[in-house]
Amino acid sequence: MKGRKMNARRSDPMLPQPFRVARVQRETFDTFTLNLEGLKDNGGFKFAPGQFNMLYVFGVGEVPISISGDPTNGDILVHTTRVVGTVTTAMGKLKQDDIIGVRGPYGTHWPVEDARGKDVVIVAGGIGLAPLRPALYYLLEHRDKYNKVVLLYGTRTKEDILYRRELEQWRARFDLEVHVTVDRGTGNWRGNVGVVTALIPKAPFDPENAIALVCGPEIMMRFTVLELLKRGLPEEKIYLSMERNMKCGIGLCGHCQFGPHFTCKDGPVFPYNRIKDLLEKREI
Amino acid sequence: MKTIENILAEHPFFKGLEPKYLKIVVGCASNVVFAPEQIIYREGDPADRFFLIREGKIGLEINVPHKGPVTLQTINEGEILGWSWLMPPYKWRFTSRVYERTRAIALDGACLRKKCDEDHALGYEFYKRFADIIVQRLQATRLQLLDVYGVHS
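As they're listed, the protein sequences go chains V and B.
The C-terminal position of the first sequence is numbered 284 in this note's numbering, with every residue numbered one higher than the one before it.
The C-terminal position of the second sequence is numbered 1153 in this note's numbering, with every residue numbered one higher than the one before it.
No lab work stands behind these hints: they were computed from the structure.
Do not take every clue at face value.
Computed Cβ-Cβ distance ranges for the label pairs, DEER-style [to be verified]:
{"no.": "1", "chain 1": "V", "residue 1": "Glu159", "chain 2": "B", "residue 2": "Pro1036", "range": "46 to 56 Å"}
{"no.": "2", "chain 1": "B", "residue 1": "Met1087", "chain 2": "V", "residue 2": "Gly254", "range": "27 to 37 Å"}
{"no.": "3", "chain 1": "B", "residue 1": "Gly1078", "chain 2": "V", "residue 2": "Asn209", "range": "18 to 28 Å"}
Capping the alpha-carbon separation at 25 Å, the derived lysine-lysine pairs in BS3-like fashion look like this [said to hold, decoys possible]:
{"no.": "4", "chain 1": "B", "residue 1": "Lys1128", "chain 2": "V", "residue 2": "Lys230"}
{"no.": "5", "chain 1": "B", "residue 1": "Lys1067", "chain 2": "V", "residue 2": "Lys158"}
{"no.": "6", "chain 1": "B", "residue 1": "Lys1067", "chain 2": "V", "residue 2": "Lys230"}
{"no.": "7", "chain 1": "V", "residue 1": "Lys202", "chain 2": "B", "residue 2": "Lys1015"}
Just so it is clear, CB atoms sit at the ideal spot from N, CA and C, and this is done for glycine as well.
This is chain V alone, in the form it adopts within the complex:
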């Protein structure tokens, strides 16, 4: 993935490139997915799984959003977003053919190439599945290069499950193990109920030859790491995607400082051993 051109930042890295909203998909009551197309024929948007873009709703503001689409399809740029603030609320009101600004892609990526020949355990919590989806696409595209691939996904209720149709397709595959759990089982839900960390002790992977990709709320990631370590996975084989308030996206402004790191430039994907001393510090 090294050496790829990053076409939305060819000129001034602070200048957003206009993209057209090709499709808006409601995922859950508070999340939606935007499919974007570049206005210029620039050979497609190249990114690595785990990277993010700065999305600019003109006249409202700019926010960092992980890319959640297929890294092998550069024609469509996909972002899944949750409505949490002013900009994402405005973003959620965009319609087909509206224009949005894009800067990126930025940041570090999931170590999908280093994971070749290993078991890959993906642990996602809530909307944390969105930044992991490109990694899963990549693994499935190069499926013969990996041993077991396991997805453990936890969310609040069955109504909050992201990419439901795709999850069903993934579960039907013989070369991918998918386990979904919800924190609260309501209605006719007959799947797992409990926290996602409870799935780790029995997840089928060899801790001596595995790599874990983890994304979700920070507390969920901390508990996930504890369970992965308990299974015997080495610290340096656990990767986390951190979320901080990013502004410039290129390591200049310092908004996303995380101890000695800038989340936008040194992250968002970090090996656990690099940030473990920062995770439990209140001041950071």
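Go by the hints and put chain B onto chain V.
Chain B in isolation, oriented as in the chain V frame:
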């Protein structure tokens, strides 16, 4: 064909338990099978057994007025269902419903309590193993209470 003693020895809950204790426990054990949607016990019923799940899935439910049953946890293969038999008043706090056909070993709580009273070393083994499960579930419950997936979490 596996004997109950073999099955108990292979179950994670009894891993490493001395054979002499396994022989004692076997006297309180029986094979059971439950069909989907079957209620194994209801909230408030006397808690006289617990189950080592060999295969299947069981939901622990509580009925919320005007809302219906809410599942708080599922119990899967290799796990333990029920600890209310350990402490007074020996009544189930939740209802257990079978989600997927379940094969289990049922252990008679009164029989085990008697054997634990007679042999405190066995009792210590039992309570130590249950304490581990209770701690795991308490920690998981605390994580659930944090509602980490909520917007403002």
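Problem set entry | Hinted pair Lys1067 (chain B) and Lys230 (chain V), Cα distance within 25 Å | 38 Å, violated
Problem set entry | Hint check for Gly254 (chain V) and Met1087 (chain B) - Cβ pair distance inside 27 to 37 Å | Taking Cβ atoms as reference, Met1087 (chain B) and Gly254 (chain V) lie about 55 Å apart, which means the hint is violated.
Exercise. Going straight from one Cα to the other, do Lys1128 (chain B) and Lys230 (chain V) come out at no more than 25 Å?
Worked result: Distance ~19 Å between Lys1128 (chain B) and Lys230 (chain V) Cα, so the pair holds.
For this session: Given the hint of 46 to 56 Å, check if Glu159 (chain V) and Pro1036 (chain B) actually sit that far apart at their C-beta atoms.
Result: Given range 46 to 56 Å: violated, Cβ gap about 23 Å.
Exercise. Are Lys202 (chain V) and Lys1015 (chain B) close enough, with their CA atoms no more than 25 Å apart?
Worked result: 15 Å, holds
For this session: Starting from the range 18 to 28 Å, see whether the pair Gly1078 (chain B) and Asn209 (chain V) falls in it by beta-carbon distance.
Result: 23 Å, holds
Exercise. Can the restraint linking Lys1067 (chain B) and Lys158 (chain V) be considered satisfied, given a maximum Cα separation of 25 Å?
Worked result: 16 Å, holds
Hints 1, 2, 6, counting from the list given before, are not met by this structure.
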